[in-house]
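S.K.: Each chain, letter by letter, is given below.
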Amino acid sequence: MSDTTNGGTEINGAAGNGTPKIALRGVHKRFGQKVVLDGIDLTVNKGESMVVIGGSGTGKSVMLKCILGLLHPDSGQIQVDGENTTHLHGRDREKLLHKFGMLFQGAALFDSLPVWENVGFGLIQGEHMPRAKAKEIAIAKLGAVGLGPEVAELFPAELSGGMQKRVGLARAIADEPDIIFFDEPTTGLDPIMADVINELIVQCVKDLGATAVTITHDMASARKIADHVSMIHKGRIIWTGHANDIDHSGNPYVDQFVNGRAEGPIKMQVRAL
Amino acid sequence: MDFLATIGRTFLVFLNATGRLAMFAGLGVSHCLRPPYYLRQILRQMIDIGYYSLPVVGLTALFTGMVLALQSHSGFARFQAEGAIATVVVLSITRELGPVLGGLMVAGRIGAAMAAEIGTMRVTEQIDALSTLSTNPFKYLVAPRLIAGLTMLPILVLVADIIGVFGGFLVSVYRLDFNPASYLQRTWEFLEPVDVISGLVKAAVFGFVVALMGCYFGYHSKGGAQGVGQATTNAVVAASIMILVFNYLLTGIFFSDK
Ligand SMILES: Nc1ncnc2c1ncn2[C@@H]1O[C@H](COP(=O)(O)OP(=O)(O)OP(=O)(O)O)[C@@H](O)[C@H]1O
Ligand SMILES: [Mg+2]
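One line per chain: the protein sequences are E and X, in this order.
Numbered according to UniProt numbering, the first sequence spans residues 1 to 273.
Numbered according to UniProt numbering, the second sequence spans residues 1 to 258.
Same shape as in the complex, but just chain E (with noise of 0.2 Å):
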C-alpha cells in the first residue's frame, strides 16, 4: 500500500524552501502484539498547515506523540529541523521541545492550577515570565479563544468539555511556538465556535508563521485550516495531497473517508444487532 498516490505534489522530498521542518521516515512503533504505526513517512515543510485524517484507532495521536518524544517509536527516524530527535533526552529533549505547543485530545489541563496558570504555565515555568505579566496575556490568549476573563480564575474541573478544549488550544499557543499539533482541535464544540477555532489555527499559522500539524475527524475543518492533507490506514500514509485535490484524489480510501460512507475499502469492526 505504500506506492499508493501521493497526490502528485512536491511535498515529499525536500523541494520548495530546504529542509523539512517535521520529517518521519518508516517510524515504527508497536503495543505488544500490536502494530500501530507500521511505517509511516510524512513531510511537513516550514510554515505549512498539515492536517492528517484517519479513522479511529489507527494511530493518529500515537504519532503525534512519537514526534514529541513522549512515546519512543521502535525504529525509524524522526526529524525536526532536519535533525534527528529520536534518541534525545533530558535537556536536549526539554530544548526542543520548547518549538512545540500541544492540544491534547483530552484537553490535559492541570486541575491543581486556575485556568490563567494553565494558559500560562510555559511562559512562568519555560521563559521565567513575572506571574503578573503572564496573567496578563494568559487573559488575551483566553480572549482569543472565546473565554472570558472570568474564567481565568475557574478551575479545570469547574469548564464544560469544550471548555477545556479552549483553555487546551490556548495554552498550546501561548508561548507562540514553532510547531503546533492540534489533535482533534474541533471535536465537542458547536459549528460555529469549531469555525472560530479554525479561523484561529488558520491565523497560527499565517500570522505567526508557524508549521501547523492537526488531527480531525471534522471535514469542514480539515478544509479550511488545511494546505495539505494526509491520510492514515493501518499504521501507514496512504495518500498526501493538496487540500484542493481530497474531493478528487482518486483514491478510493480518502474517497470513503471524506464522504463518510460506510461502504467501501475501509472496513469497520462491527458485527450486527
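To be clear, the hints were calculated from the coordinates, so they are not data collected in a lab.
The beta-carbon is built from N, C-alpha and C at its ideal position, and this holds for glycine as well.
It cannot be assumed that every hint is accurate.
Unchecked claim - Within a straight-line C-alpha distance of at most 27 Å, the following computed BS3-like cross-link-like pairs (lysine-lysine) qualify:
1) E:LYS95 to E:LYS34
2) E:LYS46 to E:LYS206
3) E:LYS267 to E:LYS99
4) E:LYS95 to E:LYS206
5) X:LYS222 to E:LYS234
6) X:LYS222 to E:LYS34
Stated by the list, open to error - One-sided excerpt, in silico: chain X residues whose CB lies under 7 Å from chain E:
7) GLU125
8) GLN126
9) ALA129
10) THR132
11) SER134
12) THR135
13) VAL173
14) ASP177
Unchecked claim - Simulated DEER-style distance windows between Cβ atoms:
15) X:VAL201 to E:LEU113: 31 to 37 Å
16) E:HIS98 to X:VAL237: 38 to 44 Å
17) E:HIS98 to X:GLY224: 37 to 43 Å
18) E:ASP92 to X:GLY26: 15 to 21 Å
Given chain E, work out where chain X with the ligands should sit, using these hints.
M.R.: Okay, now just chain X with the ligands, sitting in the frame of chain E:
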C-alpha cells in the same frame, strides 16, 4: 523443575522491579540536587505533609504516650518498678513509636494522596502535557515531594515526640498519681541525644520512602481510575513495609553496640 522455574521467574521479576525503583529513586534524587527548584511546589508539599498531617500524627502520639504509661504501670507493678515508667515512655516514643507510627500514618495520608494525584495526572496525560511545556516532570512533581518528605517528617516526629511524652505525663500524673516534678525529672534523667536523633534520622528516611513510593506508583500507573486505585494501594502497602524493614535496619545501625 517447573517449581524451580517459577521461583526463578519470580526472582527475576523482583530484581527487575527493584532495579526500576532504584533507577527512579536515583533520578529523583539527582533532580533534588540540581536547580532549578520549583519553590511553590516544594512549599505546597511541605505544608501538606508538615502542617496538615499534624492533627493525625499528634493524636496518634498522644494516645500512644498515654497507653504506654498505663501499660507499663500495670506491667511494672508486678516487680515494683513503677519508677521506670517515665523512662520507658520517653525512650519508646523517641526511639521507636514516634517515627514508626508517624511514618505509617503519613504513609496512609500522604503516600496515598501522592499516588492518586500523580496517577491521575498520568492517566489524563497531564504528565505528557508537562513535558511538552518544557517542564521536567521529575523536577516539577517528584523532586518537591521527595524534598518535602525528607525534611518535614523529622519536624513532625519531633512534635509527636513532645506530644507523646506529654500524653504519658498526663496519665501518670492525673491517673496514676505520680509527682509531676519527679516524673519530669525521670523523663530527662536517662534520655540521651542519640535517642532523639536516631528517631529523627529514621523519620527522614521514612518520609523519603513514603514520598518515593507515592511518586513511583503514581508515575507508573496506567489504565484509568482502576489503575490509579491500584497505584494508591500499592504505594501505601509498599511504603508501610519498607518503613518496618528500614526501621529494623536503622535500629541495628544505631544501637548494635549496646
Ligand atoms: N499507551 C498505550 N498502550 C497500549 N496501546 C495503546 C496506547 N496508546 C495507544 N494505543 C493503541 O494504539 C492505537 C492507536 O491509538 P491512537 O490514540 O493513536 O488512535 P487515534 O488514531 O488517535 O484515534 P482517535 O481518532 O479515536 O483519537 C489504538 O488501538 C490504541 O489501542
Ligand atoms: Mg487520537
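S.K.: State the violated hints by number, sorted upward, taking the hints as numbered earlier in the document.
M.R.: 1, 3, 13, 14, 17
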